[in-house]
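> Line by line, the protein sequences are chains A and B. In terms of this note's numbering, the first sequence opens at residue 902 and continues consecutively. In terms of this note's numbering, the second sequence opens at residue 902 and continues consecutively.
Derived by calculation from the structure, the hints in this document are not laboratory data. One should not assume that every hint holds.
In silico lysine-lysine, BS3-like type, Cα no more than 27 Å apart, as pairs [said to hold, decoys possible]:
#1 Lys1211(A) / Lys1175(B)
#2 Lys1227(B) / Lys1091(A)
#3 Lys1161(B) / Lys918(A)
#4 Lys1175(B) / Lys1197(A)
#5 Lys918(B) / Lys1202(A)
#6 Lys1175(A) / Lys1202(B)
#7 Lys1211(A) / Lys1227(B)
#8 Lys1211(B) / Lys1197(B)
#9 Lys949(A) / Lys918(B)
#10 Lys1161(B) / Lys1227(A)
#11 Lys1202(B) / Lys1168(A)
#12 Lys1175(A) / Lys1227(B)
#13 Lys1211(A) / Lys949(B)
#14 Lys918(B) / Lys1227(A)
#15 Lys1175(A) / Lys1202(A)
#16 Lys1091(A) / Lys936(B)
#17 Lys1197(B) / Lys1091(A)
#18 Lys1197(A) / Lys1211(B)
#19 Lys1168(B) / Lys1168(A)
#20 Lys1211(A) / Lys1168(B)
#21 Lys1227(A) / Lys1211(B)
#22 Lys936(B) / Lys1168(A)
#23 Lys1202(A) / Lys1175(B)
#24 Lys1161(A) / Lys1211(B)
#25 Lys1161(B) / Lys1211(A)
#26 Lys1161(A) / Lys1202(A)
#27 Lys1175(A) / Lys1168(B)
#28 Lys949(A) / Lys1168(B)
#29 Lys936(B) / Lys918(B)
#30 Lys1202(A) / Lys1211(B)
#31 Lys1227(B) / Lys1197(A)
#32 Lys949(B) / Lys1175(A)
#33 Lys1227(A) / Lys1175(B)
#34 Lys1168(A) / Lys1211(B)
#35 Lys1161(B) / Lys936(A)
#36 Lys1175(A) / Lys1211(B)
Computed footprint of chain A on chain B, listed as stretches where at least three residues anywhere in the stretch have a Cβ under 8 Å from a Cβ of chain A [to be verified]:
#37 971 to 985
#38 1019 to 1025
#39 1151 to 1165
#40 1220 to 1226
Don't be surprised by glycine CBs; every beta carbon is placed ideally from N, CA and C.
Listed below are the residues making up each chain.
2 protein chains.
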Amino acid sequence: MKRKKLLTASEYVDGIKSGDRFILSRAITLIESNKVAHRELAQEILSKCQESNQTSFRIGITGSPGVGKSTFIEKIGSSLIERGHRLAILTIDPSSQITKGSILGDKTRMNVLSASENAFVRPSPSSGTLGGVARNTRETILLCEAAGYDMVFVETVGVGQSEIAVHYMTDLFLLLLLPGAGDELQGIKKGVVEMADLLIVNKSDGDREKLAQLTRRSYVNALRLFPLKDKDSRPDVYTCSAINGNGIPEVMDALEAYAKQTDVINKNRLEQDKYWLRQSIESGLISSFFEHPLLKEELAKEEQSILEGKTSPFLAAERLLRLFEKRSK
Amino acid sequence: MKRKKLLTASEYVDGIKSGDRFILSRAITLIESNKVAHRELAQEILSKCQESNQTSFRIGITGSPGVGKSTFIEKIGSSLIERGHRLAILTIDPSSQITKGSILGDKTRMNVLSASENAFVRPSPSSGTLGGVARNTRETILLCEAAGYDMVFVETVGVGQSEIAVHYMTDLFLLLLLPGAGDELQGIKKGVVEMADLLIVNKSDGDREKLAQLTRRSYVNALRLFPLKDKDSRPDVYTCSAINGNGIPEVMDALEAYAKQTDVINKNRLEQDKYWLRQSIESGLISSFFEHPLLKEELAKEEQSILEGKTSPFLAAERLLRLFEKRSK
């Protein structure tokens, strides 16, 4: 890739606000950069963008490979554009590498949206820690909002942890399911059902329509037995087909209805801010401990003593914490 | 309570090993004490007790109020004693206060076990943090094992967090359920179903037998749809009646079969040790941060800035962490 000259923060902001997708892309690249100068410029851009108070309805979306996430987003996205919305589609996949191939792959999976003036498709680069990727994606959402996209989809094809991150940066978290309960569904990552605000049984077409209905009912029943963490009410379960359009209007109506609940959304976002503050502090503390060379060494020794039954994890932790307090910087 | 003279560590250990329940009780009181001298003596006793390498099968047990936990433990406990086992029954309830009343209450709820030579019933005092209570209970388990109890029940009537603690200190975590799926079951704390290794629908007697069977089937189906965190296999679901004894032999057989899987148990205990080491370190780090007066103040300021949209949780966390690094001790 050729080096491009940096613009000023104001030039980026003006470009983003005027809907220039090339400039939006370049600003996102600054967010993702590891260079201090780039990140500082990105923070300046972000801060100016936030002054405009533009916001969007943020939708997280996950599901096993093969459930048809891209086709679903393509279908629902095109229909939402027909209803007058402008869409940004971001993906988080900390397990993949940045290659031109995969980016191209992602784009071509969504032909209609990639070609539309009213959609912006951007896969996240996936280097770095999940925390870093999460932060970048969260900041990218803010830029997309400043650019006037009123619905932002964050797709994750991730590894359990990335679902948690997406859940905490979106207003509604969708889980796509396949028709047919049981073993064939075990591709769903552990703990993901528990996070979903809305479950959608996709591929409800042809022969599978009946099975999709049965699957829907099974989930409705199962959700009745599980008082899920972090949920006040039970998630709804829909069926749809991204291929023939069955149930798509109902899903869209549901999304638009959720998008109107601004009180709920705002309250939830405050909670999310608290979560990220707390989470960033905790992960910072934890890495300053576990990445400290001396402590690493002592930790290994203590683990060995525990293994041999010579000490308890509680006593070992006390000793290590005292060492951390005294450590030289 | 009158002051009793402390014994030497060896005297406690000898008493415990010879099955003197009065001395066992006094040693547990040392574990629970806040006095440094008591705790140091307790650590010496613990360390000597662990040399004997006596162990037990540790069973966690939880369920909504009204599900019949005490009756269930009384029933299954007496039957296990008939099969030649010796039982310790501990309870964790961080929400209650230590009063003679509640301790007496707990004991009288288990008449048969309290009167048996082969059972030791001990409610945990519940002052202090959950971390503290968890540690005390874990150490109490070790003393009970040295005293020759080969099955230790840890009952929790707790507040969500205590279930996690009990789950991480036992070999098998039982969830008792009531017959009848749905709303009436919502007394189960959030996230508890996800932790259970074995679900038991209690009160499967008289009119409720059919309903209990239905409930069992609903849970079996629901568990098929939820790939639970931290679980390699799906939990079994049983029905039983602690009143008329229906299904109790099957539950006992299941417990005894689990107890024989020493490889699984040992592997699990190593994981638990790692969990407690990590958990104790993390909670120590977190409290040294969040209980620091200056940081508390700065945290409040940053939270206000986030609320006003002036900064992001990520930037705020970075600033606070830098402050923590530089803090004066």
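> Against the 27 Å threshold, does the CA-CA distance of lysine 1161(A) and lysine 1202(A) hold or violate the hint?
Not OK: lysine 1161(A) and lysine 1202(A) at ~56 Å, beyond 27 Å, violated.
> What's the verdict on lysine 1175(A) and lysine 1202(B), does the C-alpha distance respect the 27 Å limit or exceed it?
Judged against 27 Å, a Cα distance of about 13 Å means the pair holds.
> Between the alpha carbons of lysine 949(B) and lysine 1175(A), is the straight-line distance 27 Å or under?
violated (46 Å)
> For the pair supplied as a hint, lysine 1227(B) and lysine 1091(A), is the alpha-carbon distance within the 27 Å limit?
Given pair lysine 1227(B), lysine 1091(A) is violated - Cα atoms ~40 Å apart, limit 27 Å.
> Under the criterion that the straight-line Cα-Cα distance not exceed 27 Å, is the pair lysine 918(B), lysine 1202(A) satisfied?
violated (31 Å)
> Sort out whether lysine 918(B) lies within 27 Å of lysine 949(A), counting only the CA atoms.
violated (71 Å)
> Within 27 Å, alpha carbon to alpha carbon, are lysine 1175(A) and lysine 1227(B)?
With a Cα-Cα distance of about 24 Å, the restraint between lysine 1175(A) and lysine 1227(B) holds, given a limit of 27 Å.
> Please verify whether lysine 1175(A) and lysine 1168(B) have alpha carbons no more than 27 Å apart.
With a Cα-Cα distance of about 36 Å, the restraint between lysine 1175(A) and lysine 1168(B) is violated, given a limit of 27 Å.
> Would the pair lysine 1161(B) and lysine 1211(A) pass a check requiring their Cα atoms to be no farther apart than 27 Å?
holds (25 Å)
> Is the hinted pair lysine 1211(B) and lysine 1197(B) satisfied, with a Cα-Cα distance of at most 27 Å?
holds (19 Å)
> Can the restraint linking lysine 1168(B) and lysine 1168(A) be considered satisfied, given a maximum Cα separation of 27 Å?
violated (43 Å)
> Could you grab the alpha-carbon distance between lysine 1161(A) and lysine 1211(B) and see if it respects the 27 Å cut-off?
Judged against 27 Å, a Cα distance of about 25 Å means the pair holds.
Hints 2, 3, 5, 7, 9, 10, 14, 15, 16, 17, 18, 19, 21, 22, 26, 27, 28, 30, 32, 35, 37, 38, 39, counting from the list given before, are not met by this structure.
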